[in-house]
Amino acid sequence: MTFVSQFLKQARVMTSDLRHRRIIRTALGNYEIVRDKRKAAFQNWQSARQLAAETKWEAVNHLDQYLEELVAKLEARGTKVHWASNSAQAREIILQIVTEKKARSVIKSKTMTSEEIHLNDALEHAGLNVVESDLGEFIVQLRHETPYHIVFPSMHLTRDEISELFQRELGSAATNDPEELTMIARDALRKKYITADIGITGANFAIAETGMISITENEGNARLTAALPKTVISLLGIEKILPKLDDLALFLPMLATMGAGQALTAYNTMYGGPRQPGETDGPEEWHVVLLDNHRTELLADAEQRDALQCIRCGACLNVCPIFRNVGGHAYGTTYSGPIGSVITPHLRGLHDWKHLSNASSLCGACTETCPVKIDLHHHLLQNRRNAAQEKPSASEQTTYKLFAFAANRPKLWNFGRKVARLFQPLQKPVKGTALDPAKAWTQTRDLPPLAKESFKDWWKKRK
Amino acid sequence: MTEREKILARVRQALKTPAPLPGSHGKIHLPAAEQVRTSTAKQWLPFVGESFDERLALFAKNAAELKADFQLFNSADEMRAALTRLSETEKWQRVAGHSGGLTDAICATLGLPLLRTDRPYDVNDLESCDVGISECDALIAQTSSVLVTNRSAGGRALSVLPPHHVVLARREQLIADLPSAFELLKQKYAANYPSMISFITGPSRTGDIERILVLGAHGPKKLTILCF
Ligand code: SF4
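Protein chains in written order, with my numbering: chain A, 1 to 463; chain B, 1 to 228.
Everything labelled a hint here was simulated from the structure, so no lab data went into it.
It cannot be assumed that every hint is accurate.
Claimed, not checked - Here are the computed distance ranges between Cβ atoms for each label pair: (1) G349/A <-> R4/B: 21 to 27 Å; (2) N30/A <-> E183/B: 40 to 46 Å; (3) K186/B <-> N30/A: 35 to 41 Å; (4) R409/A <-> I28/B: 30 to 36 Å; (5) K391/A <-> R4/B: 30 to 36 Å; (6) I212/B <-> G364/A: 16 to 22 Å; (7) T444/A <-> S24/B: 37 to 43 Å; (8) R159/A <-> R119/B: 22 to 28 Å; (9) A76/A <-> L184/B: 19 to 25 Å; (10) D187/A <-> S24/B: 29 to 35 Å; (11) T2/B <-> R445/A: 55 to 61 Å; (12) R12/B <-> Y400/A: 39 to 45 Å.
As the list claims (entries may be wrong) - Coverage of chain B stretches by chain A, computed from C-beta distances (three or more under 8 Å per stretch; other residues unrestricted): (13) 18-25; (14) 41-52; (15) 67-74; (16) 89-95; (17) 99-112; (18) 200-214.
Given the structure is predicted, the values throughout are model-derived calculations rather than measurements.
Glycine included, every Cβ here is placed at the ideal spot set by N, Cα and C.
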């Protein structure tokens, strides 16, 4: 099955799944209330957005300088920096570290970049025990699923489903109390932090000025992952750069506001190296893996370069009518929602993924909400244009040629209109079936009857 | 060519084409060398009053929303008494802490076995402690955050592994907002930053089950901030 037919099939199933839609609507309804409250607390939210956009623009448009500054500062404090052009290289680098350390178990804190490179599969294949420590990630890992949402990985599940899952996989007692369920996960993971040989984290920001990785989280699992194992590996895309440490004064509250409607996420932590002389805990070795994986191709597209400013807050997913109806898994991508539809064609090929840019109402809600002002819905249009330019579709071209031919000949047009009106009743019995020429439209909608009188006729009569 | 050189070469090649300025919808281009930032964060972030009392009130209000326990005292003695009471009500058996101007005297009066994390320690011991007691670099009114570093607060794990984190602070450590926090970090550490800096905002939490708030996901279930 092609990616597009898979998407269409999934989307059809999900949009008619009323239970799923209800779960998502409730979760996101609450999100909207707290997010708006936090936005209102800013002295000027729109100015803050503009500044955030300018700051990330500055970072992305001087990426070479800032990457060099970051790496020099990291290395000066004993961090080992690795560069990976693609996901295979990134996996190899990490596998090599793991093998060198003779590691057997890995604890991970949330990182979408590792989903992007399919790291868990590679590690498990190499015989390692891999555990996700973020509660949502832990849940979807137990279900052998990918995260549903870049910020809320398990938002599609009810407490009853999670309870059943824990009973089955962890042998825990039956309870559907969120607090008790959280404590089951807490207890299951406690010892793993202490016994894991390797910790793997992602990053929300990489600070060029001071050579630091900044990690934002609510649970404390990333703090533990970066404190207890002897070796820690942080995997991040090259676009995570921020120029200055104090840029975080803006980005941390903005990420929290848009991500989950918080003033600040519970733990915002900046790491500047492995354990330094005189420090009593923290990893002996710290590796940072910088991943390109087609980001430089997106960078080369000046028109859409701003998509690299994304701070993965998830806000555009939350407001997107498509995401809210088809859900995160239908996309079949690591990054879903508007930002996923924009960047996936760059990361994984325009022709396989251009359909995502068509799955949009172009309402612009994403562009309006994005804290770093990415022109999301314009980029969806540009993807459509680029796809049509690169590989025009013969049937589309013929259709438009025929349309132009008829539309330019008023008599023919008028005749066609009348004939079509005569034949329209014949469509009724076959509506939405394979025999219906307008099937794609009429399966879920009505085709309005053609007007008795055309505008032109009406205009003539009016005079 | 190494992978590093290859990636940097691709980046440089890509950046030869200038990109439109943010917010201009593809209309305004600028040579990359120009400064694009037109403001500073402080003026847009949530408002914080000038006086100490305003900041204190804001910190207390935010802390209550976050379900952190914030208590203000008139003297170090009062604070010490409160900690002893807390220790008794929660029936602490073992405490963890680090050496410091505030912690030394106060931990000593608890009369409980103390694990010091500013010396080499066994993490299993820390895991079995009922509470981690630490100092901090600052309290931030804007968000009710506690700013710690591994240098000021007994390492990386003390403030996050035990189920209860108690922070001891002085009034003058209460600062207004996030920009001042980064200013403070710069003044204090710029020559040699600690390898971990953390803004702790409320106890550990999760909303991963039906977006319902649960405290104590992996880190402390309780955060107590005592200040005099
Ligand atoms: S595109 Fe904007 S709104 Fe969407 S995740 Fe990225 S930063 Fe957030």
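How the hints compare with the structure:
Checked against the hint of 21 to 27 Å, the C-beta distance between G349/A and R4/B comes to roughly 26 Å, which is consistent with it. Checking the proposed 40 to 46 Å range against N30/A and E183/B shows it is violated: the Cβ atoms sit about 35 Å from each other. Between K186/B and N30/A the beta carbon distance is about 38 Å. The supplied range of 35 to 41 Å therefore holds. The hinted window of 30 to 36 Å between R409/A and I28/B is violated, with their beta carbons roughly 44 Å apart.
In this structure, K391/A and R4/B meet the distance hint of 30 to 36 Å, their C-beta atoms being roughly 35 Å apart. Checking the proposed 16 to 22 Å range against I212/B and G364/A shows it is violated: the Cβ atoms sit about 32 Å from each other. Distance hint for T444/A and S24/B: a CB-CB separation of about 39 Å, consistent with the stated range 37 to 43 Å. At about 43 Å, the beta-carbon gap between R159/A and R119/B misses the expected band of 22 to 28 Å.
Look at A76/A against L184/B: about 23 Å separates their beta carbons, and that is inside 19 to 25 Å. A hinted range of 29 to 35 Å for the beta carbons of D187/A and S24/B is inconsistent with their spacing of about 52 Å. The given range of 55 to 61 Å is respected by T2/B and R445/A, whose C-beta atoms sit roughly 56 Å from each other. Evaluation of the 39 to 45 Å hint for R12/B and Y400/A yields a pass: the beta carbon distance comes to about 41 Å.
Coverage of the stretch 18-25 of chain B by chain A holds. Counting CB-CB distances below 8 Å, 7 residues qualify, and the rule asks for three or more. Here's how the stretch 41-52 of chain B fares: 7 of its residues keep a CB closer than 8 Å to some CB of chain A, so the rule of at least three is met and the hint holds. Note: the stretch 67-74 of chain B has 0 residues with beta-carbon separation from chain A under 8 Å; the three-residue rule is not met and the coverage is violated. Here's how the stretch 89-95 of chain B fares: 0 of its residues keep a CB closer than 8 Å to some CB of chain A, so the rule of at least three is not met and the hint is violated.
For the stretch 99-112 of chain B, the assignment as covered by chain A is violated, since 0 residues bring a beta-carbon within under 8 Å of that chain's beta-carbons and 3 are needed. Under a criterion of three residues with beta carbons nearer than 8 Å to beta carbons of chain A, the stated coverage of the stretch 200-214 of chain B is upheld, 14 such residues being counted.
In summary, the structure is inconsistent with hints 2, 4, 6, 8, 10, 15, 16 and 17 from the numbered list given earlier, while agreeing with the others.
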